[in-house]
Amino acid sequence: MTELATYNFAYLDEQTKRMIRRAILKAIAIPGYQVPFASREMPMPYGWGTGGVQVTASIIGPEDVLKVIDQGADDTTNAVSIRAFFQKVANVAVTTHTKDATIIQTRHRIPEQQLEKGQVLVYQVPIPEPLRFLEPRETETRKMHALEEYGLMHVKLYEDIARHGRISTTYAYPVKVAGRYVMDPSPTPKFDNPKMHMSEALQLFGAGREKRIYAVPPYTDVVSLDFEDYPFEIQKFEQPCALCGAQGVYLDEVVLDDKGGRMFVCSDTDHCEDRREHGHAGEMLAPAKEAAE
Amino acid sequence: MTDTPLLKVSGVSKFYGSRIGCKDVSFDLWPGEVLAIVGESGSGKTTLLNCLSTRLMPTTGSVEYRMRDGNFRDLYHMSEAERRFLMRTDWGFVHQNPADGLRMTVSAGANVGERLMAVGDRHYGKIRETATDWLTRVEIGTDRIDDQPRAFSGGMRQRLQIARNLVTGPRLVFMDEPTGGLDVSVQARLLDLVRGLVNDLGLSAIVVTHDLAVARLLSHRMMVMKDGHVIEHGLTDRVLDDPREPYTQLLVSSILQV
Amino acid sequence: MATPLVVSEVFKSFTMHLRDGIKLPVVNDVSFSVASGECVVLGGPSGIGKSSILKMLYGNYAVDAGQILVDHKEKLVDIARADPRTVLDVRRHTLGYVSQFLRTVPRVSAIDVVAEPLVARGIGAPEAKERASDLLAKLNLPRELWSLPPATFSGGEQQRVNIARGFITSHSILLLDEPTASLDAVNRRVVVDMIAEKKRDGVALLGIFHDEEVREAVADRILDVTQFSPRKAAA
Chain A
12 MTELATYNFA YLDEQTKRMI RRAILKAIAI PGYQVPFASR EMPMPYGWGT GGVQVTASII
72 GPEDVLKVID QGADDTTNAV SIRAFFQKVA NVAVTTHTKD ATIIQTRHRI PEQQLEKGQV
132 LVYQVPIPEP LRFLEPRETE TRKMHALEEY GLMHVKLYED IARHGRISTT YAYPVKVAGR
192 YVMDPSPTPK FDNPKMHMSE ALQLFGAGRE KRIYAVPPYT DVVSLDFEDY PFEIQKFEQP
252 CALCGAQGVY LDEVVLDDKG GRMFVCSDTD HCEDRREHGH AGEMLAPAKE AAE
Chain B
4 MTDTPLLKVS GVSKFYGSRI GCKDVSFDLW PGEVLAIVGE SGSGKTTLLN CLSTRLMPTT
64 GSVEYRMRDG NFRDLYHMSE AERRFLMRTD WGFVHQNPAD GLRMTVSAGA NVGERLMAVG
124 DRHYGKIRET ATDWLTRVEI GTDRIDDQPR AFSGGMRQRL QIARNLVTGP RLVFMDEPTG
184 GLDVSVQARL LDLVRGLVND LGLSAIVVTH DLAVARLLSH RMMVMKDGHV IEHGLTDRVL
244 DDPREPYTQL LVSSILQV
Chain C
164 MATPLVVSEV FKSFTMHLRD GIKLPVVNDV SFSVASGECV VLGGPSGIGK SSILKMLYGN
224 YAVDAGQILV DHKEKLVDIA RADPRTVLDV RRHTLGYVSQ FLRTVPRVSA IDVVAEPLVA
284 RGIGAPEAKE RASDLLAKLN LPRELWSLPP ATFSGGEQQR VNIARGFITS HSILLLDEPT
344 ASLDAVNRRV VVDMIAEKKR DGVALLGIFH DEEVREAVAD RILDVTQFSP RKAAA
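Residue numbers (the working numbering), protein chains in the order written: chain A, 12 to 304; chain B, 4 to 261; chain C, 164 to 398.
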């Protein structure tokens, strides 16, 4: 017998999971609405995804296949730790392949591969309240949501244009869900906003420190806020991924040396690897391989 | 002369436990009319203003407002959503301290534009154009449109607050000591500006002030309050030039002659 | 002839609450009327209550008892009892008043001060200003002063602005409180002419003129206010 026998399946006790599942169901019923829940202490610090982990722990079953990404990558500390955590406490299968996963827990990205029916995307959310930085009073922001008073959200976008000549918000870009609630999509790049619209997958958002859960059910309208004369636009990249040659994907900048050398590569590591396995190559792939050999 | 008032106040009282905030206040306010409520600190004038502007629930009485569709609605039987909508479209509220009525960390242009965005304006260029126009009307240089009110003087902040309130073309504006805390010369400029705007726009206004000069310059009619009661009520120049009540006589005789 | 202003049995006193509530009677049992096209001048020594009568008629002073009936928009309004809104409407359309002193408003130019009563009656600003210019020119106010606020003007200049403001409208009743007091002979004559013109237009005028020459020139009859003095009754 291993020491794991002392943990309940997926770490949380069943009463807690039921409580969180009730919050999730309510969140799905009211798309974009922030449902309060009794967030638990998790064996990791706040800011490391305690909200996402609690959501995942409440919905995961023994048959699920879990993928965890951090800024699109499967191999960074946060992703590796959370994946290992669930392997240990739930003994579930894990994967790095987007299409094989039934649950994908993410920090700050949506995979490039289009999600499908039956998949669940769990976001880790640091600050769930999109109105927070303009209206610090929680009593007031709740009222504003309740009464659908969202003028303030456009004040923020107005300030962007006044200061920078364009809407310079590039991440955590506010969206309106199902024509009703304005929602913070967590600090994902605005590049990913269009993927939320009419997604086949269920999207769940967990904020552990702030004790809020919200959701976007499958096939739901998700519209990024904008002005008529300054419409919403996603980032465009000048060059394709240096490793797999992909275009129209979100790229990370990698600094190569202290002489100004740099490369742009897919932020979604699984997507990049998959393309390379299928024979796609970027302009810096060959020298990189040679150097490794 | 229209034959229907804009605001009908009847029997409004507010008690704080056994203490009286204001007691049994009734009056009608007509379109284009400016009413001053004067009295010393603690006389209940701010309590009354808050009761009228839905910021405070009166203990008894009713306040009815003629909506744009011509129908009277009791403010305290409206839903909160309707009340708040009214407050940011058809009403204005000018606070004594501009920081209470402005967003100090967003630009002057956005402060003016917020109400427009709140009622659904989604064209940046037009919002900015309107904001520019309003800054001009309240005598703020249009080169300050992207500055935050933190960088403004007290008088400019107060003028910005006024522009922010008037941008949606409200029919009724509440003002709580609008010139309190300003230098005399700055006060004169602000009063003149408010007077001009009220005349040009045909606004109705309820102005709370302890400064009789403000009442004389801005209002058509005034109410004098003492210990929560309205003790004298009439045409502004009549009350000031021929005060009837002992307390009003005391107030008027206390003005320093320059 | 029409009689747009009828005063009957008006009593007025001041109660000085700050001085142990002593009661100072001002006038008792004031009754008179003014017909259209007539100029009635209030006579009697200073302090007898002439200005107080004008102020009561204008709604500026409250009345203890009696009626002040004004023909306003083809209806009779009792100024002694009318609500503030009605008094303001009467002032806007029927009852004009030229006070002894101009109450200046900071930053408003002389020409706008004069044009304001017309604008308040819904006449467009350009037309109102044109008529204001005509009047100021007639009253010999130096043109360079027109765009300045009158606060810094001399007494005579302020008075001419005040007269222009009072005369610009076609009010059917006009109250004049010593409008010529601080004017020179030339401008006094201008005002006399203007009053004559108002009379020809059928305006009912009620005024106080200490200057005998002007009084002789404009008065159709003189109403001795001494007869209403409570002091007379006591004596």
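Calculated directly from the structure, the hints in this document are not laboratory data.
Misleading hints may appear alongside valid ones.
Claimed, not checked - Between beta-carbon pairs, the in silico distance windows are:
{"#": "1", "chain 1": "A", "residue 1": "180", "chain 2": "B", "residue 2": "184", "range": "46 to 52 Å"}
{"#": "2", "chain 1": "A", "residue 1": "32", "chain 2": "B", "residue 2": "184", "range": "39 to 45 Å"}
{"#": "3", "chain 1": "B", "residue 1": "149", "chain 2": "A", "residue 2": "129", "range": "45 to 51 Å"}
Stated by the list, open to error - Computed cross-link-like contacts, BS3-like style, restricted to lysine-lysine with a CA-CA straight-line distance of at most 27 Å:
{"#": "4", "chain 1": "A", "residue 1": "201", "chain 2": "A", "residue 2": "187"}
{"#": "5", "chain 1": "A", "residue 1": "28", "chain 2": "A", "residue 2": "128"}
{"#": "6", "chain 1": "A", "residue 1": "167", "chain 2": "B", "residue 2": "129"}
{"#": "7", "chain 1": "B", "residue 1": "11", "chain 2": "B", "residue 2": "26"}
{"#": "8", "chain 1": "C", "residue 1": "238", "chain 2": "B", "residue 2": "11"}
{"#": "9", "chain 1": "A", "residue 1": "110", "chain 2": "A", "residue 2": "99"}
{"#": "10", "chain 1": "A", "residue 1": "187", "chain 2": "A", "residue 2": "222"}
{"#": "11", "chain 1": "A", "residue 1": "247", "chain 2": "A", "residue 2": "222"}
{"#": "12", "chain 1": "B", "residue 1": "129", "chain 2": "A", "residue 2": "187"}
{"#": "13", "chain 1": "A", "residue 1": "28", "chain 2": "A", "residue 2": "99"}
{"#": "14", "chain 1": "B", "residue 1": "129", "chain 2": "A", "residue 2": "201"}
{"#": "15", "chain 1": "A", "residue 1": "110", "chain 2": "A", "residue 2": "154"}
As the list claims (entries may be wrong) - With the C-beta cut set under 7 Å, the calculated list includes, among others, these residues of chain C facing chain B:
{"#": "16", "residue": "185"}
{"#": "17", "residue": "224"}
{"#": "18", "residue": "247"}
{"#": "19", "residue": "267"}
{"#": "20", "residue": "270"}
{"#": "21", "residue": "286"}
Heads up, the beta-carbon is just placed ideally off N, CA and C, and yes, glycines get one too.
Practice task
Output the numbers, in ascending order, of every earlier hint that fails for this structure.
Solution key: Violated hints (numbers, rising): 1, 2, 11, 15, 16, 19 and 21; every other hint is consistent with the structure.
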